[in-house]
Amino acid sequence: MFKHITHTTIYVADQDEALDFYVGKLGMVVHTDADMDVMRFLTVTLPDDDSLELMLLLPGPPLHDEATAEQVRELIAKGGAGGGVIFETDDCVGTYERLRDQGVEFTQEPTERFYGTDCALRDPFGNPLRFTERPAT
Amino acid sequence: MSQATEDRNRRMLRARDTIDRSFAAPLDVAALARVAHVSPAHFARQFRAVFGETPHRYLQRRRIERAMELLRDTDRPVTDVCLDVGFASLGTFSRTFSAVVGESPSAYRERTQATRAPQYVPACLEKTLRRPVGAPASSGAPRA
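These protein sequences, in sequence, are chains A and B. Quick note: the first sequence uses the working numbering, first residue 39, plus one each step. Quick note: the second sequence uses the working numbering, first residue 39, plus one each step.
Just chain A, with the same shape it has in the complex (with noise of 0.2 angstroms):
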């Protein structure tokens, strides 16, 4: 029926800060930065993989007016607007580690889990992001 997921989104209270973050600290790339005069459509992707396009999505009008936007920020800053991305890497460790010595805030440090190895960390808002290491077979 459906054949992949092309674009998932992630609210941020700031979309440069977010490229900030997103592309200066995570590596991540721009895929798309449009001005669509009502708003600014902008999307990043992995460097070595751009089938998945996260949207960096700015609280507000059109998509929600003012009252709402403010709801959606707040609960952003919370960490419960609900979106979140998880990574898979191929170096669980010094990914950490390099990103810790940036400032990166985490939530959760490198842990042998039946699944690999994972971390945990919040982007500058608050939303949640993890990544990976799957074990070796």
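Where hints are given, some of them may not hold.
Selected chain B positions facing chain A (in silico; Cβ < 10 angstroms) [what the hints assert, rightly or not]: (1) Q41; (2) R52; (3) D58.
Read the hints as simulated data drawn from the structure, not as lab findings. Only a predicted model underlies this, so the values are computations on that prediction, with no experimental measurement involved. Ideal Cβ positions, reconstructed from N, Cα and C, are used throughout, including at glycine.
We have chain A; now place chain B onto it with these hints.
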């Protein structure tokens, strides 16, 4: 108003993340209040306003969640699980566990260990994938 609420929520989330990371340590309200940039006197009230429960209750639920995993997925004795997740007394642990989960730690272990395989994946995968990491027999074996 919204900017202030957003800012407060983000600071409180940072404090809650700190509780999540250091769940086995005693609740250090002064340290958490510093993380959240509020006075210790206001910390619990603001935390509750944002997350709907006190920091103490949040910590207890976090510890019980960790304990549930250890009871379900490892063979560590209940007393060790109690200490691992930050309780100093088995009595408090058992009472808190029963209040949160609705059954005692040993009853929970018995029930979930008896039924856990069908809840997840075929048993042949289950026994491999969910084998506790760091069990003594394999602790020296390289993973990669």
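Any hints this thing doesn't respect? Which numbers, in order?
none
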